[in-house]
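K.L.:
Chain by chain, the residues run as shown.
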Amino acid sequence: MSGPRAAVIVFPGSNGDRDLLETLHTAGFDAFPHPSGRALPEDVVLAGLPGGFSFGDYWRAGMLASQEPAVRSLDHLVERGGLVIGVCNGFQILVEAGLLPGALSYNDPAGFRHRWVTLECAFDSGSPWFEAVPAGTRLRMPIAHGEGSYFHPGGFDAVAAHAPLLYENNPNGSVGGVAALLDGTGRVLGIMPHPERASDPDLGSADGLRLFEGACGAASRLPPPASRKTAAFRPPHDQSGIRTDIRSGS
Amino acid sequence: MFRVELAVRPRPGVKDPQAEAVQESLARLGHSGVTVDSVGRSLSLTIDCPSAEEAERITADLCEQLLVNPNLETYTVSIAGST
Amino acid sequence: MFRVELAVRPRPGVKDPQAEAVQESLARLGHSGVTVDSVGRSLSLTIDCPSAEEAERITADLCEQLLVNPNLETYTVSIAGST
Amino acid sequence: MTLSTENSARELGLAMGLTGVELDHIVAELGREPNRVELAVFVGMWSEHCSYKSTKALLATLPSSGPGVLAGPGAHAGTVDVGDGWAIAFKIESHNHPSAVEPYQGAATGVGGILRDVVAQGARPVAVMDALCFGDPASPRTRWLQDGVVGGIGGYGNSYGVPNIGGLTVYDTGYEGNPLVNALAAGLVRHDGMRTAAATGPGNAVLIVGATTGRDGILGAAFASEELGEHHEHTARRSHVQVGDPFMGKKLMEAMLSFDDGLVACQDLGACGIACATAEMAAAGGSGFDIDLDLVPQREAGMEPFEVLLSESQERFMLVVAAGRAEAALAHFRDHGVHAAVCGTVTDSGQMRVRHDGTIVVDVPAALVADGTPGQQWETGTLPGPRPYPDFPIPDDLGAVLVQLIAQPGISDHSRLYERYDQTVGNRTIRGPGQGEAAVQKLPGSTAGYAISLVGGGERCAVDPYLGIQALLGEAVRNLGCVGARAVAVSDGINAGSPSDPVEFARLAALIRGLGDGLRSLDLPVTGGNCSLYNESPAGAIPPTPMIGVVGTVGDIRRIPAVAMKTGEILLLAGSPPGEQGHAAYGRLLTGSSGPAPSVDLAADRRLAAFLVGQIAARRIRAAKDSGRGGLAVALAKLCIRGGVGAEVRGGEWGSRPDWALFGEGPGAAWIATRPEDAGALIADAAPEGVPVQQVGVVGGNRLTIGGIIDLAVGDLATAYAKEPA
Ligand SMILES: Nc1ncnc2c1ncn2[C@@H]1O[C@H](COP(=O)(O)OP(=O)(O)O)[C@@H](O)[C@H]1O
Ligand SMILES: [Mg+2]
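Quick note, the sequences are listed as chains E, L, V and X, same order. Here the numbering used here is used: position 197 in the first sequence is 197, and no number is missing along the way. Here the numbering used here is used: position 48 in the second sequence is 48, and no number is missing along the way. Here the numbering used here is used: position 19 in the third sequence is 19, and no number is missing along the way. Here the numbering used here is used: position 706 in the fourth sequence is 706, and no number is missing along the way.
Bear in mind the hints are in silico, worked out from the structure with no lab data behind them. Ideal placement from N, C-alpha and C gives every residue a C-beta, glycine not left out. Hints should not be assumed to be uniformly reliable.
[To be verified] Distance ranges between label pairs, derived from CB positions:
(1) L:A80 / X:W144: 27 to 35 Å
(2) L:A80 / V:A80: 16 to 24 Å
(3) E:G37 / V:R28: 41 to 49 Å
(4) V:E24 / X:A539: 25 to 33 Å
(5) E:G37 / X:G83: 37 to 45 Å
(6) X:G83 / E:R38: 37 to 45 Å
(7) L:A80 / X:R141: 27 to 35 Å
(8) L:L66 / X:D335: 37 to 45 Å
(9) L:A80 / V:D48: 31 to 39 Å
(10) V:A80 / X:D357: 30 to 38 Å
(11) V:D61 / X:D335: 28 to 36 Å
Let the sequences and hints guide you as you build the complete structure.
P.N.:
Here it is, written out as structure tokens:
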């Protein structure tokens, strides 16, 4: 298998790892499963944190997994210019690990919810994840979670500039309808809905695949991992957290 | 008005998968001296009734009807005085 | 050995959909005078260490590092003496 | 009664539920009195739940072989060929009694248990479906039960990572004191990857893997074979219920499916735990087992031997591994984060021999324990005959009747319920809950797939069990036809009352006879199933309630009809509107009585299904829905609601009793939406296949109109459909 190397971190209790691997392959990555108990290998350009119930989601979703060695090595991958995606439980883990701000809390109304939802891309972020998803694009994919209500103590204003995807009909009480979040580099994406399950028209939608194809395009242009020092993408926002580049979607 | 604090925990001997998983993870993190005995739930209620005894009775009713599963869980109640 | 009881509850002002859900079930059962203020979680630990201060310190570390999400939650700890 | 009292073995055995005949048989076979631990093993293993002593002879009459069957009754889960070298292992299991007492954990462990059957067969679980029956939907108790049951099914399956792709929910006062919770699980396995329970090879190691063993649900199997008493008695029995741990279950599943080095046999630990697995595995392989209970990883200190043996702690398997490979096996399982220990060896003695604290506490023939019950004969009573509906005039406003029917709990929208289930994890679900007549998934890396229809309920079977179960079979076959699937095999779950009541036993016997005859006329085998008896509450027995799961193959998932019909399509009616007044939700609604026997015509259902499969393969069908509960009118209303689109159907087809034509529940009928250019060819193909098809209307607008009989805004129908029970 050729293509950029991508590791899918498998936690005890992950259950979306196979779906994520399959979708990364479809998008052109050379993807492989990587146990969460070990730091990531140096040769990967992308790490995927899959959906599921890592450590049973016991106590608080994502909390126990956020301490795993593979998660602790994500900083290093990001510094090297690598890409990270956390889907559903993976998003919870990224937030718990502090790689993304805020918190994911109990759905409002409470309870696990599976549903096909429509997301709208709020602005052009410049993030590699969104190369194929311009502002105004609508994406259809399923949600499947019980603790996916995005919360930030500063409210929506504090994160709007980093929230490229908003729910058309907020299914879980997320502040401002935030469905996904980018870090300051634009390379770390947390997303509560499941783009890896919207990766094939036979399954009802291939909209999610576009995120991965964008990432694969960007990752293919990266210099080989060993020689990479700095971020390979322009930061999408100034660091004040103020939204500078929003276009309204249609 | 009485403030009622209800603490619910697994009955001794009943399997407590949450405690086992938290224990496993703490061990992985190297916290070897810490044993997780149980993971429970807590509820804070305000009950509008004339006396503490009444509040206690209502709470016991609620626990039996809905809030506690007597076969899997035990509970303790503390009534925090009227306000 | 110290027994530590940790109680975590939603930070005031943060939404508590679980409490709302319990409130709804109570209303359905006709319990009108009861308000559900919050639903929280609790953890019972045994810590093997020489002093209560040490147990307290270890617990505070665990809470800060791991067990409590300060964005959403507050916590109280009680140390139940050595055994 | 405890095992330590000084009663004689006989008194103790009788008190614990064995019959005199059974005790005599045990003593005769052993040549001595059983000791107390042995007695407990017999009590558990010879309970109805484990031994099928009341139904064995009846079930033996069911057809169980067919061209696609790779493993039938007797396997962990029936397994059928679905093409591309893949097979589906599937089975239905009930967890009625545990769920009545502790709905969340009862249902969760029910799902965990049936998933372990699939894993034991060597298959990776790909789907769960559930069949639920409750009492009054508006009562607080039903809400509490349903909330817990649905929470438990979702809580286990969502975490485990297996999608729930459909099910059924029935509300009927007959289930008030005794709800039913049945679950179907399906898994994918390569033809050459199937596993067996047959333990062979003296000297091979016996391993127990997974969770630790605690005092969980000791003699739960015997409990499942008792009637439910008053509610307060449930409380006293709550300790029978297990706690599910989907996190452990998932780790264990991955560990099991990635292990084959030296694996000889395996079995899940369910009812009667270690006792059941040792006896059945040894009996299946014609071998014996020596087990040392001290080697079993235990969660609690000081467990009695019978407790360790009969514990129903969840998330465990027993394995037989080739001598010399045991160490590697232990390392494999521990790497996956689950407990593992060698706890015995295979022998050639034919005996189930159990040691505790250095002494032998059980030494009995494995085959005697596993399937040696003398069987149980019950008296058969006479069934009350069905009665026709009392005469009633045609209601003035049939539109209002339609609105009422579509709002009936059981017919109305279940999305609030199934939203609590993950339906798409695993990237296989082509049609999930609410998306078609049957669930559809695709095979790995292929456009071929398989479909599963799970149908059930007791209303029709209460009127006539023999015809009622056949009506269900017909419905399942039609459902599969609507998604282009050819039925291959059946798994059934029979839920019934106490066989000691002659009328209940007659119902049970009629159900199974009806099933057998129905299967024969459809040329379908049954590959496994489950019987849950003693479903009674102080109010009496439940209606006799079968659940029928049918697996079918789909040639090309890209050709199956759309989820909804669209403006501009032509509406065709396949089959004839029912003329006679067979049992129907409509009759019940209007007269309050349960009415005559259901109308059944399996040959017509079979022809209709074959026709639909052919036309779907020819890409001529855009949407299809068969007539089910509420008849043709409800089926069409649901098609309109799903697509948010109206339909205009001409009048004149509906005869002198348009109410029965539209709301009757006759067999062999379905709505088909097709493109105008395909309608001619489709109709031309129908006659030679013996399926009457006529063009009756068009899709479009925002009203549903049927001749001058019904004229309703689709929005109003949707509102009624979505209404929560008050
Ligand atoms: N209603 C039924 N129809 C057909 N086969 C049945 C039925 N009930 C039970 N069986 C078969 O009887 C055997 C024993 O059932 P069960 O004890 O539930 O299996 P297991 O021990 O694998 O859980 C199984 O092979 C099962 O398929
Ligand atoms: Mg149908």
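K.L.:
Determine for every hint whether it applies to the structure shown.
P.N.:
Hints, verified against the model:
1. Range check, A80 of chain L to W144 of chain X: Cβ separation about 28 Å, and the 27 to 35 Å hint holds.
2. Checked against the given bound of 16 to 24 Å, the beta carbons of A80 of chain L and A80 of chain V, roughly 20 Å apart, stay inside it.
3. Remark: the range hint 41 to 49 Å for G37 of chain E to R28 of chain V is upheld by a beta-carbon distance near 45 Å.
4. Between E24 of chain V and A539 of chain X the C-beta distance comes to about 29 Å, which sits within the given range of 25 to 33 Å.
5. Checking the proposed 37 to 45 Å range against G37 of chain E and G83 of chain X shows it holds: the Cβ atoms sit about 38 Å from each other.
6. Restraint check, G83 of chain X to R38 of chain E: a C-beta distance of roughly 39 Å satisfies the suggested window 37 to 45 Å.
7. For A80 of chain L and R141 of chain X, the hinted distance range of 27 to 35 Å is satisfied, since their beta carbons lie about 32 Å from each other.
8. At roughly 42 Å, the beta-carbon separation of L66 of chain L and D335 of chain X lies within the given 37 to 45 Å, and the hint holds.
9. In this structure the supplied range 31 to 39 Å holds for A80 of chain L paired with D48 of chain V, their Cβ-Cβ distance being about 33 Å.
10. In this structure, A80 of chain V and D357 of chain X meet the distance hint of 30 to 38 Å, their C-beta atoms being roughly 36 Å apart.
11. Here the CB-CB span from D61 of chain V to D335 of chain X is close to 30 Å, well matched to the stated 28 to 36 Å.
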